[in-house]
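*Asks:* Now for the letters of each chain:
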Amino acid sequence: QKEVEQNSGPLSVPEGAIASLNCTYSDRGSQSFFWYRQYSGKSPELIMSIYSNGDKEDGRFTAQLNKASQYVSLLIRDSQPSDSATYLCAVNGPYSGGSNYKLTFGKGTLLTVNP
Amino acid sequence: DTGVSQDPRHKITKRGQNVTFRCDPISEHNRLYWYRQTLGQGPEFLTYFQNEAQLEKSRLLSDRFSAERPKGSFSTLEIQRTEQGDSAMYLCASSSSGGAPGELFFGEGSRLTVL
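Protein sequences, first through last, are from chains A and B. Residues in the first sequence are numbered consecutively from 702, following the working numbering. Residues in the second sequence are numbered consecutively from 2, following the working numbering.
Next up, chain B with everything else stripped away, as it sits in the complex (with noise of 0.2 Å):
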């Protein structure tokens, strides 16, 4: 049984570049949640997908932010125009529809510098 599997696990990018990252959840999981987390604070949540549909979008996240999850399965968090301040690691989690919302399986983490 595979967890949940980030790339890159980290990325180095200059300000104003784009950068994708990709989350692969537990293969029977349908829900999959964005985390943003920065040194010494708790995660915060940026947006959930139950299957393909997106639910939930934090207000935080600016239209620079963008994520999908065609088909259900992988899902990708692509940032436009990278700024300093969206230095972060970037988790991604998945939950299974019989279990409580909030009972999440988290990857590694994408770790995010922009110079």
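So that you can see chain A by itself, here it is in the shape it has in the complex (with noise of 0.2 Å):
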């Protein structure tokens, strides 16, 4: 059974901080590597996917993937408040034939950005 782990927090950072926010899975098999945000009452979005060991950088998103420990982070630089959500890590492979493109969640950790 693939699990995903995240703190649920919630995580509180005034407008401006780093908001780190870590996730760890469970299948060593794992390839692809996804961070959604979700607020309330809205469906989960896509912003941020990762494939490689190493950071990936995208605007003040940073994704960061370290296979050998099974831990995916996101680093939101300078948070607003619209960061306020729900964030949510997940992971989906390994691929075969066109099977197993099901996505694993993990249950979120909410983030508050204070103004």
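These aren't lab readings, by the way, just hints derived from the structure by calculation. Heads up, the beta-carbon is just placed ideally off N, CA and C, and yes, glycines get one too. Hints may be right or wrong, so weigh each one.
Partner residues aside, some chain A positions facing chain B, computed with beta carbon under 8 Å [stated by the list, open to error]:
#: 1; residue: GLY730
#: 2; residue: SER731
#: 3; residue: PHE735
#: 4; residue: SER744
#: 5; residue: PRO745
#: 6; residue: LEU747
#: 7; residue: TYR802
#: 8; residue: PHE806
#: 9; residue: LYS808
Listed below are the simulated EDC-like cross-link pairs for lysine to aspartate or glutamate, each with C-alpha atoms no more than 16 Å apart in a straight line [to be verified]:
#: 10; chain 1: A; residue 1: LYS808; chain 2: A; residue 2: GLU706
#: 11; chain 1: A; residue 1: LYS743; chain 2: B; residue 2: GLU109
#: 12; chain 1: B; residue 1: LYS12; chain 2: B; residue 2: GLU104
#: 13; chain 1: A; residue 1: LYS768; chain 2: A; residue 2: ASP728
#: 14; chain 1: B; residue 1: LYS12; chain 2: B; residue 2: ASP64
#: 15; chain 1: A; residue 1: LYS703; chain 2: B; residue 2: GLU109
#: 16; chain 1: B; residue 1: LYS15; chain 2: B; residue 2: GLU79
#: 17; chain 1: B; residue 1: LYS15; chain 2: B; residue 2: ASP25
#: 18; chain 1: A; residue 1: LYS808; chain 2: B; residue 2: GLU45
Not everything, but these chain A residues come out facing chain B in the computed CB check (under 10 Å) [what the hints assert, rightly or not]:
#: 19; residue: LEU789
#: 20; residue: CYS790
#: 21; residue: LYS803
With the hints in hand, could you dock these two chains into one complex?
*Replies:* Right under this line is the structure:
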């Protein structure tokens, strides 16, 4: 049973600070890793994907992957009140002939950015 | 470019009734997914279609649940003999064959309340 673990939070940071969100996963065969943002009452929205070890930066967001430690993180620099949402970590793979395309999500971490 | 469309957005039903949800994916996307999300949890995979073929189905999906995607376009998810435990947000998502399987575009969801 593939599992994805996240601290449920809430994580509270002041505006302008760096928010750090963490995720661990159980299946060493996982190949793809994603961060989704979900505002209250809305559906999840993809914000970052990462497939190889190291860092991937996109604007104020940086995703970090360490497959040896089975660890994924998301850093949000210069946090804004509009970043307040639940952040969902998701993994999938290994892929096999069109199967195993399902995403396994963590429970999410609620982030609050205080003005 | 319209996003993923789901209908109805809200459904209240009595225990034992059947309900059907419809999902219209982004037009050029050939992959379609159904997930279920309850309060405080991440989305949970239900089933996956590539074109009209249902390639994966969660073991959590009991015989009361059935999904179809005739002609590889829209999809329906039917729940027969609903139970109170079926109360949840049912999320449809689609993705392009040119993208990673986990890069999903979610609809706004269909919220089911079983009384």
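*Asks:* Each hint: holds or not?
*Replies:* Each hint, compared with the structure:
no.: 1; hint: GLY730; in the structure: 14 Å, violated
no.: 2; hint: SER731; in the structure: 10 Å, violated
no.: 3; hint: PHE735; in the structure: 5 Å, holds
no.: 4; hint: SER744; in the structure: 4 Å, holds
no.: 5; hint: PRO745; in the structure: 5 Å, holds
no.: 6; hint: LEU747; in the structure: 6 Å, holds
no.: 7; hint: TYR802; in the structure: 4 Å, holds
no.: 8; hint: PHE806; in the structure: 3 Å, holds
no.: 9; hint: LYS808; in the structure: 5 Å, holds
no.: 10; hint: A:LYS808 x A:GLU706; in the structure: 7 Å, holds
no.: 11; hint: A:LYS743 x B:GLU109; in the structure: 6 Å, holds
no.: 12; hint: B:LYS12 x B:GLU104; in the structure: 28 Å, violated
no.: 13; hint: A:LYS768 x A:ASP728; in the structure: 10 Å, holds
no.: 14; hint: B:LYS12 x B:ASP64; in the structure: 21 Å, violated
no.: 15; hint: A:LYS703 x B:GLU109; in the structure: 26 Å, violated
no.: 16; hint: B:LYS15 x B:GLU79; in the structure: 15 Å, holds
no.: 17; hint: B:LYS15 x B:ASP25; in the structure: 26 Å, violated
no.: 18; hint: A:LYS808 x B:GLU45; in the structure: 10 Å, holds
no.: 19; hint: LEU789; in the structure: 5 Å, holds
no.: 20; hint: CYS790; in the structure: 8 Å, holds
no.: 21; hint: LYS803; in the structure: 4 Å, holds
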